[in-house]
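**Student:** Here's the letter readout for the chains.
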Amino acid sequence: MIKNGLIATLLISLFTAVPALAHTPLCSCWDEGDGTITCEGGFSDGSSAQGVIMYVNEKNGTTLVKGQMNEFSEFSFKKPAQAYTVIFDAGEGHAVEVDGEEITE
Amino acid sequence: MKAKNLITAGIAGLIMAATPAFAHFQMIHTPEAAMKKGGTIDMKLVFTHPFEAGHTMDMGTPESFTVLHKEKTKDLSSTLKPVTWQSLSNSGQAYETSYKLRGMGDWIFSLTPAPYYEASEDVYIQQITKTVINVGGSPTDWDAEVGLPAEIVPLDKPYAIWTGSTFRGIVTSNGKPVPFAEVEVEYMNHEPMMDSNCFAKEAKARAPQDSFITMGIKANAFGEFSFGIPKAGWWGFCALGVGPVKEYNGKELSQDAVIWINAQDM
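In order, the protein sequences belong to chains C and Z.
Number 89 in the working numbering belongs to position 89 of the first sequence; there are no gaps in the numbering.
Number 116 in the working numbering belongs to position 116 of the second sequence; there are no gaps in the numbering.
Calculated directly from the structure, the hints in this document are not laboratory data.
You may find that some hints are simply not true.
Claimed, not checked - Within a straight-line C-alpha distance of at most 30 angstroms, the following computed DSS-like cross-link-like pairs (lysine-lysine) qualify: (1) Z/Lys37 x C/Lys79; (2) Z/Lys201 x C/Lys59; (3) C/Lys79 x Z/Lys70; (4) Z/Lys251 x Z/Lys176; (5) C/Lys79 x Z/Lys100; (6) C/Lys59 x Z/Lys157; (7) Z/Lys70 x C/Lys78; (8) C/Lys78 x Z/Lys72; (9) C/Lys79 x Z/Lys231; (10) Z/Lys157 x C/Lys78; (11) Z/Lys231 x Z/Lys246; (12) C/Lys66 x C/Lys79; (13) C/Lys66 x Z/Lys36; (14) Z/Lys204 x Z/Lys157; (15) C/Lys78 x Z/Lys37; (16) Z/Lys70 x C/Lys66; (17) Z/Lys176 x C/Lys78; (18) Z/Lys81 x Z/Lys251; (19) Z/Lys204 x C/Lys66; (20) Z/Lys157 x C/Lys66; (21) Z/Lys81 x Z/Lys176.
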């Protein structure tokens, strides 16, 4: 029983570990030209980013917007007036930061 | 009279003999294959001899020009504008367009040109061509079969090849592999100048002998080929006469499948 539990735990950790080990997180954002920014996320093996948590932060780290990648692996938000950074947070060690200054039309 | 005939025959013989060494290649060219971010890319559609930046053929109005992205196909035929492309030896009718890549993923551009009459061989040539562009490293469509009658389906991402590694592909005719297909390989040896519609004069490499200008290789029994890429830049692969249509305007038609790949140095 204990053994089975251990195996189950090992299996679970294997499964949860796979994306973190094998894939590179990817995120690209662009300015829609209508006051909004859209980001698209994904992984280097082509898997979806649906549900990945997204942060739009001020330079001092204060979160302005928090959201999630939708079923199309996209996330849109109103372009902040101040300098900002977008964070695609796919888990520890697997975050992508996009500087607002690099986001163009 | 006799002497003149002999000379004519000699010249004709020379032209015939020279033809295989200078392979035709339909280009769909844009400078970058693996882009960091999206944006508008410029494209040139030129039917030429890329290793030598040689004779450029006049293209007729293409039968179709499409882009496939995230499993959706869009017709881009109406965006094509005629231009004159200058080779090192002549000029020919070509086309250009631009396209906005939005977001991430793969975009497969496919061109079905009008059949071209090659007088020296008395045959028509139709090179159905693919070029794959990626943005942001997200792989979405590169290995898809577009469904072209003559098509090279890549087994390696055509935009992510290190110099010194290999490119593999499967030659298909109506979706079926073509065993032992004849494939020509040529290096884009003169940089296409996007602003001036011409090839750069300087060659990047020199061929020690004609076998190195257009390299002839063959697919295996499964229609699969591989080729080691010795130099960074664009490489064209052309499977000869693999398409199902064999005749056009009462003459022989060679329906070829072309794919372009881009290698970068480590």
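**Student:** Each hint: holds or not?
**Tutor:** How the hints compare with the structure:
1. Z/Lys37 x C/Lys79: 19 angstroms, holds
2. Z/Lys201 x C/Lys59: 49 angstroms, violated
3. C/Lys79 x Z/Lys70: Status holds; Cα separation ~27 angstroms.
4. Z/Lys251 x Z/Lys176: 25 angstroms, holds
5. C/Lys79 x Z/Lys100: OK: C/Lys79 and Z/Lys100 at ~21 angstroms, within 30 angstroms.
6. C/Lys59 x Z/Lys157: With Cα atoms ~37 angstroms apart, C/Lys59 and Z/Lys157 exceed 30 angstroms; violated.
7. Z/Lys70 x C/Lys78: 26 angstroms, holds
8. C/Lys78 x Z/Lys72: This hinted pair holds, its Cα atoms lying about 28 angstroms apart.
9. C/Lys79 x Z/Lys231: 43 angstroms, violated
10. Z/Lys157 x C/Lys78: 35 angstroms, violated
11. Z/Lys231 x Z/Lys246: Roughly 35 angstroms separates the two Cα atoms, so the pair is violated.
12. C/Lys66 x C/Lys79: 13 angstroms, holds
13. C/Lys66 x Z/Lys36: Distance ~25 angstroms between C/Lys66 and Z/Lys36 Cα, so the pair holds.
14. Z/Lys204 x Z/Lys157: Distance of about 24 angstroms is within 30 angstroms: holds.
15. C/Lys78 x Z/Lys37: 20 angstroms, holds
16. Z/Lys70 x C/Lys66: 27 angstroms, holds
17. Z/Lys176 x C/Lys78: Not OK: Z/Lys176 and C/Lys78 at ~49 angstroms, beyond 30 angstroms, violated.
18. Z/Lys81 x Z/Lys251: Given pair Z/Lys81, Z/Lys251 holds - Cα atoms ~29 angstroms apart, limit 30 angstroms.
19. Z/Lys204 x C/Lys66: 50 angstroms, violated
20. Z/Lys157 x C/Lys66: Status violated; Cα separation ~35 angstroms.
21. Z/Lys81 x Z/Lys176: 34 angstroms, violated
In the structure shown, a violation is registered for the earlier hints numbered 2, 6, 9, 10, 11, 17, 19, 20 and 21, in ascending order.
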